[in-house]
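> Here is how the chains run, residue by residue.
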Amino acid sequence: DAGVIQSPRHEVTEMGQEVTLRCKPISGHNSLFWYRQTMMRGLELLIYFNNNVPIDDSGMPEDRFSAKMPNASFSTLKIQPSEPRDSAVYFCASSSTTGNTEAFFGQGTRLTVV
Amino acid sequence: SQQGEEDPQALSIQEGENATMNCSYKTSINNLQWYRQNSGRGLVHLILIRSNEREKHSGRLRVTLDTSKKSSSLLITASRAADTASYFCATLPYSSASKIIFGSGTRLSIRP
Numbered sequence: 375d376a377g378v379i380q381s382p383r384h385e386v387t388e389m390g391q392e393v394t395l396r397c398k399p400i401s402g403h404n405s406l407f408w409y410r411q412t413m414m415r416g417l418e419l420l421i422y423f424n425n426n427v428p429i430d431d432s433g434m435p436e437d438r439f440s441a442k443m444p445n446a447s448f449s450t451l452k453i454q455p456s457e458p459r460d461s462a463v464y465f466c467a468s469s470s471t472t473g474n475t476e477a478f479f480g481q482g483t484r485l486t487v488v
Numbered sequence: 372s373q374q375g376e377e378d379p380q381a382l383s384i385q386e387g388e389n390a391t392m393n394c395s396y397k398t399s400i401n402n403l404q405w406y407r408q409n410s411g412r413g414l415v416h417l418i419l420i421r422s423n424e425r426e427k428h429s430g431r432l433r434v435t436l437d438t439s440k441k442s443s444s445l446l447i448t449a450s451r452a453a454d455t456a457s458y459f460c461a462t463l464p465y466s467s468a469s470k471i472i473f474g475s476g477t478r479l480s481i482r483p
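In order, the protein sequence lines correspond to chains A and B.
First residue of the first sequence? That's 375 in our numbering, and the numbers climb one at a time after it.
First residue of the second sequence? That's 372 in our numbering, and the numbers climb one at a time after it.
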């Protein structure tokens with residue numbers, strides 16, 4: 375398996391634009407997580423899904439953020455409209471709820487909003 | 372709110388010395404995990420310890436868990452320059468089937 379795949383790796387956009395981050399989890403994993411990492415706030419859990427269903431989105435900062443998981447092999451995190459304070463590295467991770475529950479991370483998307 | 376908090380925030384030691392990092396958490400857990408992050412990369416899982424375990428070893432890593440104190444420690448023995456990274460503890464709360472919450476991390480620097 376290629377691991378968790380995120381795209382794009384880097385994104386630079388202007389304030390007010392819509393940004394869509396994409397994630398392909400590891401095949402067979404049934405949990406998917408979106409995290410945001412900044413120097414100031416560390417690694418924050420934004421939202422996680424079990425079996426494609428959003429379970430906890432309490433970490434989503436504002437209504438400008440939305441996440442979907444239309445099927446077991448794809449998820450998106452959308453920011454509309456984007457703001458400079460959204461600049462961060464966004465990580466997607468997946469895990470299995472059976473057996474060991476370790477999370478496997480993608481390489482992240484570095485988002486810069488100017 | 373974050374579940375785990377690491378201590379110290381930063382640690383610098385000489386190559387060959389042992390490095391110890393601590394983690395405290397707030398609620399009952401199913402298990403506790405340690406991860407490593409190299410600069411500019413995603414996190415990589417190192418070791419998992421279940422709530423009914425007290426100690427676990429993996430190579431040069433030793434993890435302890437004290438559920439009465441809600442704390443864990445990660446010991447890296449005979450440190451190497453390649454161990455330079457940030458280390459995070461993560462907890463799977465007992466109340467959640469799969470939610471994984473990370474602490475603030477310890478930045479470890481190994482001096483050659």
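Take the hints with a grain of salt, since some may be wrong.
[Said to hold, decoys possible] Beta-carbon label-pair distances, calculated as ranges:
# : chain 1 : residue 1 : chain 2 : residue 2 : range
1 : A       : R484      : B       : S429      : 27 to 35 Å
2 : A       : E388      : B       : K440      : 36 to 44 Å
3 : B       : P379      : A       : D431      : 29 to 37 Å
[To be verified] Under the rule of at most 20 Å between Cα atoms (straight-line distance), these lysine-lysine pairs were calculated in the PhoX-like manner:
# : chain 1 : residue 1 : chain 2 : residue 2
4 : B       : K441      : B       : K397
5 : B       : K441      : B       : K470
6 : B       : K441      : A       : K398
7 : A       : K398      : A       : K452
8 : A       : K442      : B       : K441
9 : A       : K452      : A       : K442
I should point out that these hints are in silico values taken from the structure, not numbers from a laboratory.
Note that CB positions come from ideal geometry on N, CA and C, so glycine has one too.
> A separate judgement is required for each hint: does it hold in the structure or not?
The hints, checked one at a time:
For the pair R484 (chain A) and S429 (chain B), the supplied restraint of 27 to 35 Å holds, since their beta-carbon distance comes to about 31 Å. Restraint check, E388 (chain A) to K440 (chain B): a C-beta distance of roughly 49 Å breaks the suggested window 36 to 44 Å. Take P379 (chain B) and D431 (chain A): their Cβ atoms lie about 33 Å apart, and the range 29 to 37 Å holds. For the hint linking K441 (chain B) to K397 (chain B), the alpha-carbon distance of about 7 Å falls within 20 Å, and the restraint holds.
With a C-alpha separation of about 18 Å, the suggested pairing of K441 (chain B) with K470 (chain B) holds against the 20 Å cut-off. Using a Cα cut-off of 20 Å, the hinted pair K441 (chain B) and K398 (chain A) is violated, with the two alpha carbons roughly 34 Å apart. A C-alpha spacing of about 15 Å is found between K398 (chain A) and K452 (chain A), which places the hinted pair at or below 20 Å, so the restraint holds. A C-alpha spacing of about 34 Å is found between K442 (chain A) and K441 (chain B), which places the hinted pair above 20 Å, so the restraint is violated.
A threshold of 20 Å between alpha carbons decides the hint, and for K452 (chain A) with K442 (chain A) the separation of about 8 Å falls inside it, so the pair holds.
When the structure is compared with the earlier hints, violations turn up for hints 2, 6, 8 and for no others.
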